[in-house]
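From first to last, the protein sequence lines stand for chains A, B and C.
Residue numbering for the first sequence follows this note's numbering, starting at 1 and increasing by one per position.
Residue numbering for the second sequence follows this note's numbering, starting at 1001 and increasing by one per position.
Residue numbering for the third sequence follows this note's numbering, starting at 2001 and increasing by one per position.
Keep in mind the hints are simulated off the structure, nothing from the lab.
Just so you know, even glycine gets a beta-carbon here, dropped at the ideal spot from N, CA and C.
Wrong hints could be hidden among the right ones.
[As the list claims (entries may be wrong)] Between beta-carbon pairs, the in silico distance windows are:
#1 Q140(A) / L2138(C): 55 to 61 Å
#2 S44(A) / E2216(C): 49 to 55 Å
#3 E2216(C) / Y1121(B): 26 to 32 Å
#4 T2301(C) / S44(A): 51 to 57 Å
#5 L1128(B) / A146(A): 38 to 44 Å
#6 V67(A) / E2216(C): 24 to 30 Å
#7 V2305(C) / L1128(B): 20 to 26 Å
#8 A1195(B) / E327(A): 48 to 54 Å
#9 D77(A) / I2112(C): 41 to 47 Å
#10 T126(A) / L1128(B): 26 to 32 Å
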Amino acid sequence: MPDPVLALRDLTVEFDTEDGVVRAVTGVSYDLRRGEVLGIVGESGSGKTVSMLSVLGLIPVPPGRIVSGEALFDGEDLLTLKGRRLREIRGGPVAMIFQDPMSSLNPVLTIGDQIGEAIRAHSRETDEAAARARTITLLQLVGVPAPERRVDQYPHELSGGLRQRAMIAMAVANDPSVLIADEPTTALDVTIQAQILEVLKTAQRETQAAIVLITHDLGLIAELADRVVVMYAGRVVEIGDVFSIFESPRHPYTAGLLRSRAPLDSDGAGLEPIPGQPPSLISPPPGCPFHPRCVQSRGREVCRTELPELRAVAGAEHRSACHFAEELAGEARA
Amino acid sequence: MTELGYEAGVELETRSQWAYVRIRFLRHRLAVGSLIVLILIALVGVFASQIAPYGYDELDIENASKGPTLEDWHLFGTDQLGRDYFSRVVFGVRTSLWVAVFVALVSTAIGTAIGAVAGYYGGKVDNLLMRFTDLVLTVPGLAVLLTASVFLGSGEPLQIGLILALLFWTTIARIVRGAFLSLREEDFVDAAKAAGASDLRVIARHMLPNCVGPIIVNATLAVAAAILVEAALSYLGLGIQPPNPALGRLINEGQSNGFELWWLVTFPGLVIVAIALCVNFVGDGLRDAFDPRQRRVRA
Amino acid sequence: MLSYAVRRLLYSVVVLVAASFLVFTFVSLSGDPLGQLNLVPNLSEQSRQNVIDAKHLDDPIPVRYAYWAKDAVTNQFGTTLLGDRPILPDLWRVMKNTLQLVLIAELLAVLIAVVIGVYSARHQYSPFDYAATTFSFLGLATPAFWLALILQVLVVQVREATGHQIFPIASLSSVDHEGGLDFVLDRAHHLVLPVIVLTVASVAGYARYMRASMLEVINSDYVRTARAKGLPERTVTMKHAFRNALIPLVTLVALSFGNLLGGAIVVETIFSLDGMGLYFYNALLANDPYRVMAWLMVTATMIIVFNLVADLVYGYLDPRVRYD
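So that you can see chain A by itself, here it is in the shape it has in the complex (with noise of 0.2 Å):
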């Protein structure tokens, strides 16, 4: 197995609060790598997002505060990076792109300098001509008609869907070899969804990058997909390719998402949500974070006081965080 390109070991992120200290991040350990779509799956407060803005130092420090843990790429350590070698690699080899291409572009700023200036920032021989005729050629590559005239255009004029082709278009500016899309379809309308879709698999194949894919939408997942990582209340729950992951889940909470899908062929039958909330954050109880609401448990008493480990479980791909992750296997799915 080569190197991944990208490995996150044993993060955790914290952040202080009116309330108390918030543990965003507990214990997050995975791999990307190279060249593969790996989907990051889970609700609002799991940590997905914090985990992979931390990798690029966007974490506001204070209130946020990295604990512990180390993001290695290419064997350097991106945690401790700071001034000019945090920002060789912000926009360079490791690029990121935002759910809300409103609030993430500059509204006083056109398109063409936005995209412009993340060139140039990355290569200083190249001249003013030179980056504008290169944002040309990537908004050409991310499928925006009329290169030419939207270059000088504001975000205001763009329609959402242009909006983030031009923020895909800027992350993949500098030929990055990691590319982190945070929800990247979530603020879009249904069908402009798909297009972004096929948007980012033209970026990768353009650029043979890694895809880090957060999102809470499973069809987004299983249309892009590699491998999968599924996080609750900031721990990894379970891991492993898209396929094992949709077929046989082995950790209630995935079992349970994916039971909350509405199935094309139901006949009205209701929907199945997963009852209860996630837990708060601030001082999580011990044992399972999921047990509260976990069907599987059944009120078992080694669920309630230990935590589980992420072990293996099929195979050495898939691994699971649940004491009980055997009982799982042969359960259809919905």
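Based on these hints, arrange chains B and C on the given structure of chain A.
Same frame as chain A, but now just chains B and C:
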């Protein structure tokens, strides 16, 4: 569905919204301290007659032009006619405070009404009202107040208060209008209308409670602004006139030639600053209490 | 951008005309020119009738407005109530003086406030930030007229103690000076205290606003994107954060211009400066509605022009409004 073991021992306390506001306000020590000071000052104003050692216009030529001293309780000194300035300030505080509160209440009432109507109905009504507000703002407020005072005023505190209120409403109107314009789009408004509520009922019982925060904050800040403006008017001789006490007037009367009796100008002014400062701190604390800005971090 | 400017200009003209009617009606309804006339002893009936004819006081308000408007445009705002002295020349002279005072104060206030605001936001909760916040609160709680008086008191006390007067406390210029550079320096010396008073009042408000605006922008998504692109921190602060944070301040400055002119009334009265403020005060004390109206119109024009400039600056800074 089998019974699920919800976490035992995790108590969810639900408090009313007002309780949360109160808790957050009490965290601001500065605001709480200022509130206490204000209450004390208000009490001094209410019990002015009992607290002031001398009358407002009580002359005492023998003790004229004395600096601040503990002798005879002339804490703020006396003027050329021997009038005790501490007493004068105490009476002045009473008038200035109640006029300021009056202005804040009346202007808030007017401003809320106009802003609510403009924001709720939108369209032409809103346009008309806002153009009118803009027009009122094309002339400096102080100039309008001075003009009104000269041509209409009689120096009575109540009338001055009304004149001030008629200019102060524009700020609160803007804010309420803005709030209503966005609240108008909320579903609960449609729900109320669908249930047959009249426009007035929707505005008063459903929408207004949702912008109580900014209204209260602005009303508080208006008190401070009113005190400052009224003091300026009275100083210029176009506000509250004798025999009614007024802090601004005291400063004017304290201007002797060459500023020899500097305490006459200083102390009434310090009192004005103290009141305005405390009111502003309280207003700021209220603003934070109604709208805490939490730094959102999406997981 | 050009069509935006033209639109704002036309709108301003309409507002000006509307404001003039409002002002006229307001003053005519509240003031009674005849009232003042009646106070003059030994006024002959003929003189009284002359004034009534000249000012058309017998006619209804809209008619009077029409005459007045015509007068305003063609005859330099006509003449004062008593004494028939032309209004415009005086007004023009005092306006220039006030503009000096007010524009210097405003410029200074904006510069200082921006620097304080940006620095406070970047170094939140630092001692500087707390000091700046305290200063802002004090500035907002201090009446301008009182601050002016205290400054005068201080200068006088220092003079009593040391025999040396650091700043003049009255009037625009000394009686004895030569022209040219000496005149400019002398004028500047006289303007120091008045400018301080006006600037303090403005800075207190602007600095807090700038700080709040800057903080909001610094925590925005697009600033996060700028950092994620690997831009140097200085570029992030100036090119991305600062420019966006400045936009709301433009609106505040525009809205506050009226307050500044109001402050000028107070400051000029206290420092005996021959400006519009003092002119207005005297006109009020003389109960002369014609001077008062002329003043209100000129002031309204100044405010409208200032707002127009602010609108243009806003349009330049924020491309979103250019297309509405």
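Hints versus structure:
1. Q140(A) / L2138(C): 55 to 61 Å: 58 Å, holds
2. S44(A) / E2216(C): 49 to 55 Å: Given about 23 Å between the Cβ atoms, the range is violated.
3. E2216(C) / Y1121(B): 26 to 32 Å: Between E2216(C) and Y1121(B), where Cβ atoms are some 31 Å apart, the hint holds.
4. T2301(C) / S44(A): 51 to 57 Å: 54 Å, holds
5. L1128(B) / A146(A): 38 to 44 Å: 42 Å, holds
6. V67(A) / E2216(C): 24 to 30 Å: The hinted range 24 to 30 Å holds for V67(A) and E2216(C), with Cβ atoms some 28 Å apart.
7. V2305(C) / L1128(B): 20 to 26 Å: Taking Cβ atoms as reference, V2305(C) and L1128(B) lie about 25 Å apart, which means the hint holds.
8. A1195(B) / E327(A): 48 to 54 Å: The hinted range 48 to 54 Å holds for A1195(B) and E327(A), with Cβ atoms some 50 Å apart.
9. D77(A) / I2112(C): 41 to 47 Å: 44 Å, holds
10. T126(A) / L1128(B): 26 to 32 Å: 55 Å, violated
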